[in-house]
Structure formats: structure tokens, C-alpha cells
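Trainee: Taken in sequence, the protein lines are chains X and C.
Under the working numbering, the first residue of the first sequence carries the number 20, and numbering increases by one thereafter.
Under the working numbering, the first residue of the second sequence carries the number 20, and numbering increases by one thereafter.
I should point out that these hints are in silico values taken from the structure, not numbers from a laboratory.
You may find that some hints are simply not true.
Because identical chains cannot be distinguished in the list, a pair is counted as satisfied if it fits within a single copy or across any two copies.
As the list claims (entries may be wrong) - Heads up, simulated DSSO-like pairs for lysine-lysine below, C-alpha to C-alpha not over 27 Å straight-line: (1) K92 with K227; (2) K92 with K250; (3) K92 with K31; (4) K217 with K31; (5) K31 with K250; (6) K31 with K252; (7) K31 with K227; (8) K227 with K217; (9) K250 with K173; (10) K227 with K252; (11) K31 with K173; (12) K173 with K252; (13) K173 with K92.
Values in this document were obtained by computation on a predicted structure and should not be read as measured data.
Given next are the chains, with one letter for each unit.
Number of protein chains: 2
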Amino acid sequence: MTPKSTNLANFKVGVDNVIFSVDMAQNRVLVLLVMRQGDPFSGQWSLPGTLVRQGESLEAAAYRILAEKIRFKNIYLEQLYTFGGPDRDPRESPDCFGVRYLSVSYFALVRFEEAQLIADGVTGIAWYPLERVPELAFDHHQILEYGYQRLRNKLEYSPVAFDVLPETFTLGDLYQLYTSVLGENFSDYSNFRTRLLKLGFLSDTGVKVSRGAGRPASLYRFNSESFALLKDKPMVFI
Amino acid sequence: MTPKSTNLANFKVGVDNVIFSVDMAQNRVLVLLVMRQGDPFSGQWSLPGTLVRQGESLEAAAYRILAEKIRFKNIYLEQLYTFGGPDRDPRESPDCFGVRYLSVSYFALVRFEEAQLIADGVTGIAWYPLERVPELAFDHHQILEYGYQRLRNKLEYSPVAFDVLPETFTLGDLYQLYTSVLGENFSDYSNFRTRLLKLGFLSDTGVKVSRGAGRPASLYRFNSESFALLKDKPMVFI
DNA sequence: ACAAAAGTGTTTTCCTTACACCCATGA
DNA sequence: TCATGGGTGTAAGGAAAACACTTTTGT
């Protein structure tokens, strides 16, 4: 029998980011895609990813591509899931058992207005509305689905919405975000209002803003200090 | 500049399992540990893990060690988190930047009575109560903490308790499990009772069991069919 | 004046919480 | 008969759901 170590798979580890944003004007959830240049799936859209370098942590790699693709002020980032079956990357020829490609995916949220895409003239890069995502390279469709699931879950019990919304927003904006992610029937608007305001971490800036017809709305701001005080108590945004 | 591929880290990927169980007799949460034999940390306790082999999926590797260490009838298994910083394994010498060791951790639940440890006479293997876990190899203490956090969270909104309890159990057993994991003050017993029974997936087997003094209790059974019907509706076990 | 959106209030219902209390057994 | 744990019931308070209604703007 060959020495045990020869049975072990050799891995390259990639980091793939599911980066969400929301276009408040069009009321659409967006995901950042890049056009692949390299060998497999060249010319196809994919999640922005990279292979992990020597001495680099997974999270550092995630931040690196992020910084390569967009300029942003604020960001939310957390690990999503690790996809590692054999055959997820054609570079590992199915019979030769060479190098395995494993993908550690990260989930990120940025503000649309603050996120400036870095177009280098070579690589395609674009925000895609979730309903119009094209075919993706590798198993990136699965990763995207998993990320979207996470977004829906997190909206219900954590304040991630405020990492996607502009710094100041109306309660209508907030409600629209929730409806466009969670569907129309998640809650009545007025109940949603009172519930969120009662939580006590939204401060009215006093500034009013008018969008077309209708009564002008107050701009609110997420108060992270107030939130920090309640953060271990269970909380429902539904 | 050297070709780009030489900058990439070469990985070995390990799978480490946080396997929980509960000893109903002593009312203690247990975690499965094994004594390391190999090179780094030899003679120290660690989470049961293995390196992923050629052509083997991550989950398959997780099941493989599981099957190597215990015989079980029922098991719950899900991916936990991926720990991948450099310097988490001394085998990667800090300056030479050789092979990186990455750990994809899995979270598992088994029934104590049904789980038969496979002692091969060579390797130490034992259930440790959570309060008496010794020092662990690598960053396994961090992984264990993360797994315990997951256990606490899942108890609140998913029926994982029934993967740890015996097939039939009293409501007192169920309550004790919750208190030993979540602490004494998570809920009043009688309210816990009524809440759980109202959910509608616990069936009374009619069998009574007497444990020392006190009125005999009914044995209940988790009814996965009834649960499946309600599974997408939000549910609170608190 | 009217539509449209913001914002307030009310009612009904249901769930949570905190108990008090009865029941069946072992010692 | 008493301690012990199993099991039922209830009253107070609060949150959730549904909906009516008022306010302030643009057109």
C-alpha cells in the first residue's frame, strides 16, 4: 500500500463573495458579478472570487477581492458556507485526481450609492438584479441561492438592513427593502412601522424628504449605540 | 516576478467534528474527544478529525471519521464553520510558507445510548462533559465553542433536541436537556410543557415510566411526519 | 379637489408569564 | 403521610394582525 499521505487530496482554496446591494430608486436587490477571463468558464459571469495566497487568511482574501472590485465606505462581511465536493471545478480532471478546488464563500452587504465599481477596462463587472442573473460559472448559482437564503434569514432577526440602506432613509424605504426581499405579505406597513420604532434604535433626524406625490417622510438613522444595548435580547424585525 | 501560481497557498483540508450527546442519567452535555497519536500535539485530546482524501467530498470525510469512531443508529450532521487562518497548524512553518492546513468543521448530534464508541485499543476516545473538557490540540477549543453556540441557537428554533434524546422520552427529560444547555431560567416548566405539546408533533405513547419518587411520566415520541407539515412555519421552542 | 404616500390609533385575538393547584407514586 | 416530580388551569399583561382614519404633499 502506498504511504497514507499520497491518498490525501491537494487543495487550492478559493474565496467567492456573494455581494448584495439594493437600488432604492428601482427597488431591486442586486448582486455583484464579474466576467471571467481565465481558463475555465472564460467569458461567463461569476461571483467575484480569488484563490487564497500564501500567508493570507480566508477573510483577508475575501477583503482583497472586495477591494479590487469596489470602493466602499461601509461593509458587512461574514462567512457563508464551504463548498468542497470533488467535480465542482473542471480543473480537477475527474479521473486523474489532481488538485481539488474548494470554495469558501462569504456573504457581503454594501450600500449601492457608496459602492463604486472598479472597472479596469479589461474585466467586466456589474450589478445584476436578482431576477436577471445570467448563467454562472462553476456552482456559483448554488452559492448565490445559499447567500440569498442567508439574506432573508438575517433580515428577520438582525439589523443587516441598515448596512444596505443609505445612512439616512425613510421608513418607507425600509419597508420596501423588506417587501422586495421577503415578499409582499410579510407584514402590514403600519404594524411594521410601530414595531420597528418601538425597538428604539431608529432616530428621527428631523429632516423631511418628499418623493413625488404624498406627504413628505422623515429621514431616520440607525443608531448603533442604542442597538448595542439591546443586542443580546431577542428581537424580531419580521 | 515569479509566476502568479507560486504565490498561491497549497492546502490540505481537514474535517473536524464537534459531536454532541447528552447523558440523560447524569444530565450532562457531552462532547466526543479523541487522543491524538500523530506528530503535532501527540498525546493531547482533540476533536475527531481527518484529512480529506482524493475524490472524497467534505461531508463524506465527516461521515468517515464518524463511522470510524462510533457506531450509531441515528445522526444529525451539518457543516459548522471553516477555520483557515495561517498559523492554526504548526505543521505550516511560519516562515517557509509550505502547506496550509484548513479545517472545515461539522456539527453532529447522536444519542448517547445508541452511540457505541469504537475503541481500537490504540487510540484514546471518550465522551467528555462540557464542564470538564481538557486542553485541546490546535484551535479546537475555539471550534468547540462555536459548536456549542450553534447547539444553543438550534435548540431555540429547530427540533434538534430529538436527535439527542432517546427515541422515547418524558417531557421532564426534554425540559432537563433544555435547562442544562440553555440555563435554568429559560422558561417555566409548565409553560414549556404546554408550548411544546401545542406544537403538535409530540405523540404520547401511552407508556408510563417511573423514576424514583414522584408521579410516573408519559413517554413521548417525536413525530417527524407531523413536524414536516409545519416545518416552514416559524416555530419557537424557546 | 383628488390621489398618493406618511403617520396615528383602535380593536380583537392570541401568546407569554407567572403562578396556584391537583395527581400519582416511593419511601 | 409526606416529599417528589408529573400534569392541569387560570388570570394579567403584552405583542401581533387587521383595519379605520388623519395628515400633508404633488398635480
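Trainee: Starting from the hint list further up, note which numbers the structure goes against and sort them upward.
Mentor: Hints 3, 4, 5, 6, 7, 10 and 11 contradicted; others consistent.
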